[in-house]
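Enquirer: Each chain is listed here by its residues.
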Amino acid sequence: MPLYHNDDQAMLKDSIAPFVAEQAPVSHLRKLRDTADATGFSRDLWAQFTEMGLPGMLVPEAHGGLGMGHMEAGIVLEEIGRNLTPSPFLSTSVGAVAALAKAGGTQAGRWLPAIASGEAIIALAIDEGAKHRPDRISTTATRAGNGFRLDGKKSFVLHGHVADMSIVAAKTDGGITLFAVPKDAKGVTADPRRLVDSSLASHVTLDGVEVDADAVIGEVDAGGDILDALLAATRTGAAAEMVGVGQGAMDMTVTYLKERKQFGKLIGEFQGLQHRAAHLYGEMEVARAAVMKAQQLLDEGSEGAKLMVSVAKAKAGRAANLAVREGVQMHGGIGMTDEYDIGLYMKRDRALAEYMGDVHYHIDQVARMNGY
Amino acid sequence: MPLYHNDDQAMLKDSIAPFVAEQAPVSHLRKLRDTADATGFSRDLWAQFTEMGLPGMLVPEAHGGLGMGHMEAGIVLEEIGRNLTPSPFLSTSVGAVAALAKAGGTQAGRWLPAIASGEAIIALAIDEGAKHRPDRISTTATRAGNGFRLDGKKSFVLHGHVADMSIVAAKTDGGITLFAVPKDAKGVTADPRRLVDSSLASHVTLDGVEVDADAVIGEVDAGGDILDALLAATRTGAAAEMVGVGQGAMDMTVTYLKERKQFGKLIGEFQGLQHRAAHLYGEMEVARAAVMKAQQLLDEGSEGAKLMVSVAKAKAGRAANLAVREGVQMHGGIGMTDEYDIGLYMKRDRALAEYMGDVHYHIDQVARMNGY
Amino acid sequence: MSELDAFRTEVREWLEANCPPEMREPVRDEDDICWGGRKWVFKNEAQKQWLEACVSKGYTVPDWPKAYGGAGLTPEQTKILKQEMKRIKARSPLDSFGIWMLGPALLQFGTEEQKVQYLNPIARGEIRWCQGYSEPGSGSDLVSLQTFGEDKGDHWVVNGSKIWTSYADKADWIFCLVRTDKANKYQGITFMLFDMESPGVTTKPILLISGNSPFCETFFDDVKVPKTQYVGEINRGWDVAKYLLGHEREMISGGGAGGDMVSIGGAFAKAFGKNAAGELDDPILRAEMAAFDTDVFAYRAMGERFMDMWKTGRAHPASSNMMKYVGTELNKRRHELVMSGGGSEALEWDSEETKGGARARGWLRTKANSIEGGTSEVMLNVIAKRILDLPGA
Amino acid sequence: MSELDAFRTEVREWLEANCPPEMREPVRDEDDICWGGRKWVFKNEAQKQWLEACVSKGYTVPDWPKAYGGAGLTPEQTKILKQEMKRIKARSPLDSFGIWMLGPALLQFGTEEQKVQYLNPIARGEIRWCQGYSEPGSGSDLVSLQTFGEDKGDHWVVNGSKIWTSYADKADWIFCLVRTDKANKYQGITFMLFDMESPGVTTKPILLISGNSPFCETFFDDVKVPKTQYVGEINRGWDVAKYLLGHEREMISGGGAGGDMVSIGGAFAKAFGKNAAGELDDPILRAEMAAFDTDVFAYRAMGERFMDMWKTGRAHPASSNMMKYVGTELNKRRHELVMSGGGSEALEWDSEETKGGARARGWLRTKANSIEGGTSEVMLNVIAKRILDLPGA
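Chains as they are written, first to last, in my numbering: chain A, 794 to 1165; chain P, 794 to 1165; chain Z, 6 to 398; chain G, 6 to 398.
Hint data in this document are derived by calculation from the structure and do not stem from the laboratory.
The structure presented is a predicted model; accordingly, all values stated were derived computationally and were not measured.
Hints are supplied without guarantee of correctness; some may be wrong.
No more than 27 Å apart at the CA atoms, straight line, and that leaves these computed lysine-lysine pairs for DSS-like [what the hints assert, rightly or not]:
hint: 1; chain 1: G; residue 1: 94; chain 2: G; residue 2: 71
hint: 2; chain 1: P; residue 1: 1054; chain 2: G; residue 2: 360
hint: 3; chain 1: Z; residue 1: 360; chain 2: Z; residue 2: 175
hint: 4; chain 1: Z; residue 1: 87; chain 2: A; residue 2: 1054
hint: 5; chain 1: Z; residue 1: 209; chain 2: A; residue 2: 824
hint: 6; chain 1: P; residue 1: 964; chain 2: A; residue 2: 1051
hint: 7; chain 1: G; residue 1: 120; chain 2: G; residue 2: 53
hint: 8; chain 1: G; residue 1: 247; chain 2: P; residue 2: 1058
hint: 9; chain 1: P; residue 1: 806; chain 2: Z; residue 2: 62
hint: 10; chain 1: A; residue 1: 1051; chain 2: G; residue 2: 187
hint: 11; chain 1: A; residue 1: 1058; chain 2: G; residue 2: 390
hint: 12; chain 1: Z; residue 1: 94; chain 2: Z; residue 2: 247
hint: 13; chain 1: G; residue 1: 360; chain 2: G; residue 2: 94
hint: 14; chain 1: Z; residue 1: 187; chain 2: A; residue 2: 1058
hint: 15; chain 1: G; residue 1: 71; chain 2: P; residue 2: 964
hint: 16; chain 1: Z; residue 1: 48; chain 2: Z; residue 2: 360
hint: 17; chain 1: G; residue 1: 247; chain 2: G; residue 2: 94
hint: 18; chain 1: Z; residue 1: 71; chain 2: Z; residue 2: 87
hint: 19; chain 1: Z; residue 1: 275; chain 2: P; residue 2: 1099
hint: 20; chain 1: Z; residue 1: 316; chain 2: Z; residue 2: 62
hint: 21; chain 1: P; residue 1: 1058; chain 2: A; residue 2: 1054
Put together the whole structure using the sequences plus the hints.
Expert: Below is the structure:
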């Protein structure tokens, strides 16, 4: 497969880009923020997403979805990134779908159609501390009655306070097991926090939460692979969204360079800024290619996907960080004001960079996967 | 003490700078190189150094030296760096003197006056592998007869093939012990290698070398502190020399920017290059200050010296590396030719950066000394 | 040296007796800073006591002459006072643009009368000043400013607007660059002083990305300024401004110079835990923090060197630009690392545990460091031109 | 797809039968490369066999038409051939500026006669070409070149000198930019071809900091060039040169695209040993190597994407400049890390163990990457102007 969008994908992009730009531009985020929206996203917008079939893009056709791949999901995520659109798309339609589709079984049968129909919002309860350490899960699931009893604390759970179901990673006797914990389960408390980018992420407490045996996603003790699928999909998706954030910030900044005058010149005429903008362009292009490669390898089910996913998350993190930093700096004083959008890009970038492993985590993974 | 050269130090600089520039400019290095000099430096030049009292700058007055400090030695080293002068000054007059002065005793009494009088060249046999790891010495010194028997291999021993004495760090039963191994000791072989900067460094093999008990520098098993003194002095000196190398490269490059025309302009008019040159200037100034601070703390015998020495070696390494890289790049094609001096600065910088711990080693030390 | 030793002893005893314990606690946030001024409300009794004690000794501006409210200390004595205050972690008794900016300008360019009139209330924290330099259309190109003062014989009538006036909504007076000659770009600006309560002055806070509003837009609508209220010469305000910009940079950049050698990696080691080798348990972040610490410790040495040279006239006049450039870029990098170190917790914007998103807001605030007081790009231009003497820079 | 599968099988079998085992060993140094030409002496029988086998199939230039010595393969088939060669680690049968540079120029701008005349000997490795672009006074400002060809009716008389002519001392012919109209900067250059044995041509190798001399200065003293020996139109050689510069960048940058995903950290892990956590036992160097590997793996993806887009006409025409910029800067960084990884051993300049200082010389060689074929600065200018459309760039 060549590493560019084929005709179908290009068509998808041509329909998604104007849709998101019109329905959920940055002003949409501002409105939710300024009205202190308590959901974290617009349910009306999600309904519009549903009309276009987006929530079920990655859901297999057998479960009522479109059976598309990560390359296609990435197209949507890039536009979400470019417009800073608050949306449960990444956790629900990418991360949760990847896990459920990989696992199959009861929970897949129950939730995948509900995701595809736009009815279910799913949260991913993986992290436990302030940093992403999925190899050190201490939430426990102990056998109790017909099922399990879950105890632990989860953090950085996007949409955790409104999700219809949360995928919870827990330690079981022989490994890691993933559980589908429904919204109304007793003993679950979600304490939502407003983050720097105005999104809401919860600290989730699981205090003796009892679930049936069939709440297990996949098999008991065999959640490692499913968790890996969830992580690979979510990381790649977050990277695609960051490419959108970085590209949006860069485009806005390049436009500004062509408009703002200082010392009797357009500031874009100054070679110092030209070279930095050109360097940034190169970094963004590299990041974009890395993300597409990760999407391609995931879609192919390739062995090499895991390495490329970490490369993509790290590289997109670096490039988008550069884009928002250069963006604010090149905008000068007005870039520091809440009135201008560039600062909002910096905030969203920071949250995405941290989500599911930051640059440092993934560079370290690259080293480990290469045996050093 | 203020962190600039006082009047005496400024006077010293005013006499050293023209002396080195006249007697041992870059052409002096070229001549040694092109005649495949087998010593590694000019003994005539060393005699001139001696006339000025330089070899014994750091030697206590009681031992016939000038009893000066690292700040003064740094003045000489900076000029050595700026002119790429091949010289045993760093190993003999800085590293060895620091160790011998710290240790006192027989070996100090024997070698310090000889250093001050310009008669003795001393080599430092610390490293064993390709990287500087002074905490992992495997050369052994075992008690034998009246003294010790030394076995092991040393590497990167500058002037090792011509030194009158080598300071050898070896493992003894209860710690590290330093030995003064004279040139003619049986079982020592020095295999000199031409390095990238045309200097000569030896692989030294110690094969059952027998030395008397009084060859111990300081006390048996108590060589750790003396080694620390040697390392601190040599690292700070290498950092000062790198400041000279970086400054020399930067000055040459800034001059070139004012002479070379491209696209009908002096290339120094291009803001892209201006900003990079200005950034480099800042980095060089930071490195210079760090090196002076390390010199000051060493001269004061301060507790904080060790940290600052690593900071200085690392920062000078980074800044000088930037200076030579920018130097070659800004010179363009001619910077790649052997005919122009800028490439020689790049080579010397690389050797100094590696000597007694590279940037990575010292940054790691900074972390360790700060408890992480 | 014994005179200085005696002074040190005296200072130490005085501080012991006069600096309230609450004023030895670290400054937690903006609220712990004492800015003074007509509208000032002390946050607590200790803050008031501490200011008054310092005012009585001239210690709010220790190196200013006694006639202007200072203590008339020599540079050596001033250094000792600062060292001793730092030793007991005493808070600054008074922060003030009057002390940092207008004061030095008046000391350099003011008449004797002006010095007495303006400096004493600054030293006592009675008048709080703000600075009116930038305008919406100017930015880095400060000298293109348009705010105009029309000559009306014994006064000017000022019209225009300023932006980035720090705390203009809380200040009593403003020092302000006003164009008084439209024909002459550089030599057509006057450095004026006037009361913010003058009719025609209005302010509007600017909401920043950090969620805070330390700056304002300030509008002048036919503001009358007596022709006695200027510093230096009429139409030569640019000289004063340039002098002050150097001073501001010195302040912004020198800020770090006397600071502690606090290691960022050391500060986070506990949160992350350590591996078997005693290393902070996030290897790549550890490496970045260590590289940063190395740069910062080196920069601190430069701060010390810069101050030592600056005070004795040894520094290149433009070296404050270099300090400002390097220092502000480092500070931005520090806060990127602080955010990484804090992880998802540091992202929280208004939770109690994070003190209302202190880390995130602080991180965003630092992005202005390399813009305010001259952008990094302008600093680099100045270094290229004035220090490296590059052509056409 | 089955046609391509059949082709793959065929290629695989042919390679198995025709690529000598010695030609499947990694290239160790310059001596293992086959450049061809009139003066060429094969290093061994295998090198000769392999070249001849490829020539007979047209595989030295597989995508050129058969009439010009190629195999006439489609892009898909060419890709398969390359994949299969890579699979068995086959060396390139023939490296040549004729293949990389002059060939594409002739294919684009040459007459049918010229194509037949010049391309066949290139494909067969019979004529080795060098490139005469830069001059001592020009550099990045290539179009300022001064070498002049005086019009003498049926021929030019060329005077001047070129610099950075790769292997000019070993080449048979040169393709060369010569000014033929002094009044017209861009439209006054002709892209000429002539024999290096023409009277008046002399070459002088340039000693580089790496100690090697792959480049020469080349002097033209009344060199007679028939007026048939040019490509494109007279005075329009700049169009050909620009086209070729793009191609050269594509080559320089695309070089890495097909390479293996070799990890630099992985390569050094053995030398350093590992700590208890399995990490390369030099934590800061490990971090830098890991950051580098991340960048390189990402860049490789861009190389693949770039080639896929370039071949199908989807790439921005200036994107080869971006590839060149990013790729060459990465390669310089790689060699800095290789030197650090090698420590003091890598500093050795002529010892046997280091194969005559191979690492140090290789490191120094890479410093030219961001100068030759257009400096990084020129690349950034082009990106700023042609991709970002910045004003005045």
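Enquirer: None of the hints should be skipped; say for each whether it holds.
Expert: Structure-based check of each hint:
1. Restraint check: the Cα-Cα separation between residue 94 of chain G and residue 71 of chain G comes to about 25 Å, which is no more than 27 Å; the hinted pair holds.
2. Straight-line distance between C-alpha atoms of residue 1054 of chain P and residue 360 of chain G comes to about 40 Å, which puts the hinted pair past the 27 Å bound.
3. For the given pair, residue 360 of chain Z sits about 24 Å from residue 175 of chain Z by alpha-carbon distance, which is consistent with the 27 Å threshold.
4. Taken as a hint, the residue 87 of chain Z and residue 1054 of chain A pair is broken in the structure, with Cα atoms around 43 Å apart against an allowance of 27 Å.
5. As the CA atoms of residue 209 of chain Z and residue 824 of chain A are separated by approximately 22 Å, the hinted pair is consistent with the 27 Å bound.
6. Restraint check: the Cα-Cα separation between residue 964 of chain P and residue 1051 of chain A comes to about 67 Å, which exceeds 27 Å; the hinted pair is violated.
7. Of the pairs offered as hints, the one joining residue 120 of chain G and residue 53 of chain G holds, with about 25 Å between alpha carbons and a cut-off of 27 Å not exceeded.
8. Straight-line distance between C-alpha atoms of residue 247 of chain G and residue 1058 of chain P comes to about 22 Å, which keeps the hinted pair within the 27 Å bound.
9. Restraint check for residue 806 of chain P and residue 62 of chain Z: the C-alpha separation of about 44 Å exceeds 27 Å, so the hint is violated.
10. Straight-line distance between C-alpha atoms of residue 1051 of chain A and residue 187 of chain G comes to about 36 Å, which puts the hinted pair past the 27 Å bound.
11. Between residue 1058 of chain A and residue 390 of chain G the CA atoms are separated by roughly 16 Å; this keeps the pair inside 27 Å, and the hint holds.
12. Straight-line distance between C-alpha atoms of residue 94 of chain Z and residue 247 of chain Z comes to about 33 Å, which puts the hinted pair past the 27 Å bound.
13. The straight-line distance between the Cα atoms of residue 360 of chain G and residue 94 of chain G is roughly 23 Å, inside the 27 Å bound, and the hint therefore holds.
14. Distance restraint check for residue 187 of chain Z and residue 1058 of chain A: the Cα-Cα separation of roughly 20 Å lies within the 27 Å cut-off, and the hinted pair is therefore satisfied.
15. Note on residue 71 of chain G and residue 964 of chain P: the hinted pairing is violated, with a Cα-Cα distance of about 71 Å set against a maximum of 27 Å.
16. Of the supplied pair hints, the one linking residue 48 of chain Z and residue 360 of chain Z holds, its CA atoms being roughly 18 Å apart against a limit of 27 Å.
17. The straight-line distance between the Cα atoms of residue 247 of chain G and residue 94 of chain G is roughly 33 Å, outside the 27 Å bound, and the hint therefore fails.
18. Taken as a hint, the residue 71 of chain Z and residue 87 of chain Z pair is honoured in the structure, with Cα atoms around 18 Å apart against an allowance of 27 Å.
19. Between the alpha carbons of residue 275 of chain Z and residue 1099 of chain P the distance comes to roughly 23 Å, so the proposed pair stays at or under 27 Å and holds.
20. For the hint linking residue 316 of chain Z to residue 62 of chain Z, the alpha-carbon distance of about 23 Å falls within 27 Å, and the restraint holds.
21. At roughly 24 Å between alpha-carbon atoms, residue 1058 of chain P and residue 1054 of chain A fall within 27 Å of each other, so this suggested pair holds.
Hint check: violations occur at hints 2, 4, 6, 9, 10, 12, 15, 17; the rest are consistent with the structure.
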